[in-house]
Structure formats: structure tokens, C-alpha cells
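*Asks:* What follows is each chain in one-letter form.
Number of protein chains: 2
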Amino acid sequence: MLKKTIKITMLFDFYGSLLTDKQQEIIKSYFFNDLSLSEIGANIGISRQGVYDHLHRSEASLKDYEAKLGLLKKYNRIRAKINDLEKIMTDKGILIEDKNEDLRKKMESIKSIL
Amino acid sequence: MLKKTIKITMLFDFYGSLLTDKQQEIIKSYFFNDLSLSEIGANIGISRQGVYDHLHRSEASLKDYEAKLGLLKKYNRIRAKINDLEKIMTDKGILIEDKNEDLRKKMESIKSIL
Numbered sequence: 001m002l003k004k005t006i007k008i009t010m011l012f013d014f015y016g017s018l019l020t021d022k023q024q025e026i027i028k029s030y031f032f033n034d035l036s037l038s039e040i041g042a043n044i045g046i047s048r049q050g051v052y053d054h055l056h057r058s059e060a061s062l063k064d065y066e067a068k069l070g071l072l073k074k075y076n077r078i079r080a081k082i083n084d085l086e087k088i089m090t091d092k093g094i095l096i097e098d099k100n101e102d103l104r105k106k107m108e109s110i111k112s113i114l
Numbered sequence: 001m002l003k004k005t006i007k008i009t010m011l012f013d014f015y016g017s018l019l020t021d022k023q024q025e026i027i028k029s030y031f032f033n034d035l036s037l038s039e040i041g042a043n044i045g046i047s048r049q050g051v052y053d054h055l056h057r058s059e060a061s062l063k064d065y066e067a068k069l070g071l072l073k074k075y076n077r078i079r080a081k082i083n084d085l086e087k088i089m090t091d092k093g094i095l096i097e098d099k100n101e102d103l104r105k106k107m108e109s110i111k112s113i114l
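The listed protein sequences derive, respectively, from chains R and E.
Under UniProt numbering, think of the first position of the first sequence as 1, with each following residue one higher.
Under UniProt numbering, think of the first position of the second sequence as 1, with each following residue one higher.
One or more of the hints may lead you astray.
[What the hints assert, rightly or not] Sample of chain E residues lacking proximity to chain R, with all beta carbon distances greater than 12 Å (derived): (1) L2; (2) K28; (3) E59.
[What the hints assert, rightly or not] Using C-beta positions, here's what the derived DEER-type ranges look like: (4) K3(R) with N43(E): 46 to 56 Å; (5) K92(R) with D21(E): 43 to 53 Å; (6) T5(R) with A80(E): 30 to 40 Å; (7) E101(R) with R77(E): 13 to 23 Å; (8) G70(R) with E39(E): 30 to 40 Å; (9) K111(E) with I6(R): 23 to 33 Å; (10) K3(R) with S36(E): 44 to 54 Å.
Calculated directly from the structure, the hints in this document are not laboratory data.
Glycine is no exception: its CB is placed at the ideal position from the N, C-alpha and C atoms.
Kindly produce the complete structure, drawing on both the sequences and the hints.
*Replies:* Written as C-alpha cells, this is what we have:
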């Protein structure tokens with residue numbers, strides 16, 4: 001469940017703005033604010049089942065966007081390789097040398113946007 | 001015009017699979033295979049104006065996806081920073097040292113997927 005939640009929240013970070021406002025609100029309430037289906041239903045005036053259906057459809061949409069675009073997968077590959085690069089530089093002591101502060105800062109700057 | 005074409009083709013690389021099959025075919029014919037509006041129209045059996053309308057709507061859709069998702073912009077920022085990092089390492093001679101072949105290979109591997 002936790003792993004599934006992480007996958008959905010990552011997909012939502014990428015593609016969430018393509019969902020309707022209501023779908024976005026429900027996903028945020030459920031996955032980020034940890035409200036129950038019943039609580040969300042009460043908040044927006046629909047049934048618990050209605051909330052479930054919205055969640056189910058939103059999840060399917062997010063997965064469909066990733067199946068078509070594959071940008072999350074691509075992004076994760078880039079991030080993994082950047083981490084590898086940083087590890088090699090760290091292991092070689094390159095990143096801790098005073099003269100390489102510019103390299104260290106650039107690496108931090110890359111990681112901050114990944 | 002060239003700059004605009006590059007922008008559209010980059011957006012198409014990112015979001016093209018969200019367009020309809022016909023929209024994708026017209027964009028490929030026009031921007032990648034350099035066919036004229038009339039030639040495309042003749043190929044798929046619609047008017048020159050029809051092709052133009054499809055192109056116009058496709059372009060608007062691609063821009064709308066980028067306005068909502070901003071993934072091309074994010075990707076370009078990452079790529080620019082990776083290039084900066086490579087330049088710093090090259091200027092310092094780090095990448096040409098024999099003992100750093102692993103770093104050089106990892107950097108090539110990162111660039112190959114960007």
C-alpha cells in the first residue's frame with residue numbers, strides 16, 4: 001500500500017494538473033491530507049462511493065498519462081544516474097576538495113531541481 | 001520560424017502521444033517530413049485549410065500541456081545544468097584523467113538519455 005501510495009503521489013506531482021479541479025482536490029485530501037473517503041465525501045457533498053469512483057478514475061488517468069508519456073520513468077532514470085555520478089565523485093574525494101567548491105555547488109543545484 | 005519549429009518539435013517529443021493519431025500524423029508530415037499543407041491534405045483526403053486547422057489546434061494543445069505541466073522547461077533546466085557540470089569538470093581536467101574513466105562514462109550515460 002505504501003509503495004502504491006508513493007507511486008500515485010509521484011504520478012500526481014507530474015501529471016496532476018491535467019486532472020479536473022475536483023479530482024485534484026480528492027487526491028490531495030486522500031493521499032496528502034490523509035482524510036478518509038467518508039470525510040472527503042462529507043466535505044464536498046458526495047457519497048463515499050462517489051469519492052472512491054473519482055479516486056479510481058483519477059488513478060487510471062495518471063497511469064494512462066505515464067503509459068503514454070513515460071516522463072516519470074525518464075526522470076527517475078536521470079535522478080538515479082545523477083546519484084551514481086555524485087557517489088563516484090564523493091568516493092574519489094573530488095567533491096570534498098576546497099578547489100572544487102564550484103563542482104559541489106553545481107551538483108547541489110542539479111539535485112535541488114530533481 | 002526556425003526557432004518556433006524547434007519549440008514545437010520539442011513539445012511534440014514530450015507531449016505528442018497525447019494528441020490524436022491524425023494530429024500526430026499531420027505534425028510529423030509537416031514538421032519532420034517537410035511536406036506542404038496541400039501535400040498533407042492530398043495524402044489524407046482533407047482540404048489545405050483542414051490541415052492548417054489541425055496543425056493550429058495541435059500546436060495549441062501542445063502549448064497547453066506545457067503550460068500545465070512545465071516538464072519541457074524543467075528538462076531544459078536540468079540539461080543546462082548538466083552541461084555546466086560537464087564544462088567545469090572538463091576545464092579542471094577531471095574528465096580526461098585515465099583514473100576517471102568511470103566518471104566520464106557515467107556523464108556520457110547521463111547525456112545519452114537527456
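*Asks:* Taking the hints in turn, state whether each one holds.
*Replies:* Quick rundown of the hints versus the structure:
no.: 1; hint: L2; in the structure: 26 Å, holds
no.: 2; hint: K28; in the structure: 16 Å, holds
no.: 3; hint: E59; in the structure: 18 Å, holds
no.: 4; hint: K3(R) with N43(E): 46 to 56 Å; in the structure: 47 Å, holds
no.: 5; hint: K92(R) with D21(E): 43 to 53 Å; in the structure: 50 Å, holds
no.: 6; hint: T5(R) with A80(E): 30 to 40 Å; in the structure: 33 Å, holds
no.: 7; hint: E101(R) with R77(E): 13 to 23 Å; in the structure: 22 Å, holds
no.: 8; hint: G70(R) with E39(E): 30 to 40 Å; in the structure: 32 Å, holds
no.: 9; hint: K111(E) with I6(R): 23 to 33 Å; in the structure: 28 Å, holds
no.: 10; hint: K3(R) with S36(E): 44 to 54 Å; in the structure: 51 Å, holds
Every hint, counting from the list given before, is met by this structure.
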